[in-house]
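S.K.: Protein chains in written order, with our numbering: chain A, 3 to 118; chain B, 813 to 926.
It cannot be assumed that every hint is accurate.
[Unchecked claim] Taking lysine to any residue and the SDA-like style, the derived pairs with C-alpha atoms no more than 20 Å apart in a straight line are:
| hint | chain 1 | residue 1 | chain 2 | residue 2 |
| --- | --- | --- | --- | --- |
| 1 | B | LYS869 | A | ILE48 |
| 2 | B | LYS856 | A | LYS80 |
| 3 | B | LYS869 | A | SER102 |
| 4 | A | LYS57 | A | LYS80 |
| 5 | B | LYS856 | A | LYS57 |
| 6 | B | LYS869 | B | SER881 |
| 7 | B | LYS856 | B | SER881 |
| 8 | B | LYS856 | B | ASN840 |
| 9 | B | LYS856 | A | PRO43 |
| 10 | B | LYS869 | A | GLN4 |
| 11 | B | LYS821 | A | SER44 |
| 12 | B | LYS821 | A | GLN41 |
| 13 | B | LYS856 | A | PRO11 |
| 14 | B | LYS856 | A | GLN46 |
| 15 | B | LYS856 | A | TYR27 |
| 16 | B | LYS826 | B | SER896 |
| 17 | B | LYS821 | B | VAL900 |
| 18 | B | LYS856 | A | THR7 |
| 19 | B | LYS856 | A | LEU99 |
| 20 | A | LYS57 | B | THR914 |
| 21 | B | LYS821 | A | ILE48 |
| 22 | B | LYS821 | A | PRO42 |
| 23 | B | LYS856 | B | TRP922 |
[As the list claims (entries may be wrong)] A few chain A residues that face chain B, going by a derived Cβ cut-off under 8 Å, partial list only:
| hint | residue |
| --- | --- |
| 24 | ARG45 |
| 25 | GLN46 |
| 26 | MET47 |
| 27 | LEU49 |
| 28 | ALA89 |
| 29 | PHE93 |
| 30 | SER102 |
| 31 | SER104 |
| 32 | LEU106 |
| 33 | PHE108 |
| 34 | GLY109 |
| 35 | GLU110 |
| 36 | GLY111 |
Since the hints were derived computationally from the structure, they do not count as laboratory data. Here the structure is a predicted model, which means the values were calculated and not measured. Even glycine gets a Cβ: it sits at the ideal position worked out from N, Cα and C.
In case you want the letters, here they are:
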Amino acid sequence: AQTVTQSQPEMSVQEAETVTLSCTYDTSESDYYLFWYKQPPSRQMILVIRQEAYKQQNATENRFSVNFQKAAKSFSLKISDSQLGDAAMYFCAYRGLLTSGSRLTFGEGTQLTVNP
Amino acid sequence: NAGVTQTPKFRILKIGQSMTLQCTQDMNHNYMYWYRQDPGMGLKLIYYSVGAGITDKGEVPNGYNVSRSTTEDFPLRLELAAPSQTSVYFCASSTPRDRGNTIYFGEGSWLTVV
Chain A
3 AQTVTQSQPE
13 MSVQEAETVT
23 LSCTYDTSES
33 DYYLFWYKQP
43 PSRQMILVIR
53 QEAYKQQNAT
63 ENRFSVNFQK
73 AAKSFSLKIS
83 DSQLGDAAMY
93 FCAYRGLLTS
103 GSRLTFGEGT
113 QLTVNP
Chain B
813 NAGVTQTPKF
823 RILKIGQSMT
833 LQCTQDMNHN
843 YMYWYRQDPG
853 MGLKLIYYSV
863 GAGITDKGEV
873 PNGYNVSRST
883 TEDFPLRLEL
893 AAPSQTSVYF
903 CASSTPRDRG
913 NTIYFGEGSW
923 LTVV
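Using the sequences and the hints given, assemble the complete structure.
M.R.: Structure (structure tokens):
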């Protein structure tokens, strides 16, 4: 079974600075996707960024970028120029395309605080 | 575009009561899922379905039942509610044709069992 581990239950960053959230995963599959989701207090699940395992190039979306290390099974999220609106719970998630139903497996989350 | 719609959004149940959380999607997605999220925790898969008439257990199926009689609907049944089932429940859907793409989530249903 696939597992996703987020080792940082809480992180904090000063506004305008950079923060990196860590994620590791375990799988025997070769064909999969990795995701970062943002969850504000409303509990809405907001997709931040996705990475396809067969692509070596790290995904970027504006201020959000990932460091994908396939051999190490590591998938960290970097938030640059942090803003107050970035404060939320962040979940790393794995989706194996050969897994029945291609279901998502989530980590336990990292609560990010942004200080003004 | 309605996407994934869950009802009710909030519900308080007494111990031992039963209820059904409704989920419907209008995107003709084959895959549908039910997750629960306990306070301060990640989402855990309860049940999922790969098409009408086909359902399977996830990580935490005990105390729940599902059915999938149509492509659009995937209701989750709670029998004999217990305080441990106090959680936020998310329904989600996706399509295998959209390789690796987004799983669409509903807004969540907040359930408290007292």
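S.K.: Compare the distance between the alpha carbons of B:LYS856 and B:ASN840 with 20 Å, and conclude whether the hinted pair is satisfied.
M.R.: Violated: B:LYS856 and B:ASN840 sit about 24 Å apart, past 20 Å.
S.K.: So if I understand the rule, the pair passes when the alpha-carbon distance is 20 Å or less; does B:LYS856 with A:GLN46 pass?
M.R.: 16 Å, holds
S.K.: Was the hint right that A:PHE108 lines chain B, CB cutoff 8 Å?
M.R.: 4 Å, holds
S.K.: Do the numbers back the hint for A:LEU106, that is, is its least Cβ distance to chain B under 8 Å?
M.R.: A:LEU106 check passes; min Cβ-Cβ to chain B is 6 Å, inside 8 Å.
S.K.: Compare the distance between the alpha carbons of A:LYS57 and A:LYS80 with 20 Å, and conclude whether the hinted pair is satisfied.
M.R.: 18 Å, holds
S.K.: Can you confirm whether the C-alpha distance between B:LYS856 and A:LYS80 stays at or below 20 Å?
M.R.: 25 Å, violated
S.K.: Using the nearest Cβ pair, does A:SER102 come within less than 8 Å of chain B?
M.R.: Nearest chain B Cβ about 7 Å off; hint holds.
S.K.: Starting from B:LYS856, check that the Cα of B:TRP922 is at most 20 Å away, please.
M.R.: Distance ~15 Å between B:LYS856 and B:TRP922 Cα, so the pair holds.
S.K.: Given the hint that B:LYS821 pairs with A:GLN41, test it: the Cα-Cα distance must not exceed 20 Å.
M.R.: Roughly 17 Å between the alpha carbons, so the hint for B:LYS821 and A:GLN41 holds.
S.K.: Starting from B:LYS856, check that the Cα of A:LEU99 is at most 20 Å away, please.
M.R.: 18 Å, holds
S.K.: So if I understand the rule, the pair passes when the alpha-carbon distance is 20 Å or less; does B:LYS821 with A:SER44 pass?
M.R.: Since the Cα atoms of B:LYS821 and A:SER44 sit roughly 12 Å apart, the hinted pair holds (cutoff 20 Å).
S.K.: Straight-line Cα separation of B:LYS856 and A:PRO11 no greater than 20 Å?
M.R.: Given pair B:LYS856, A:PRO11 holds - Cα atoms ~17 Å apart, limit 20 Å.
Violated hints, in rising order: 1, 2, 5, 7, 8 and 28; the structure is consistent with all others.
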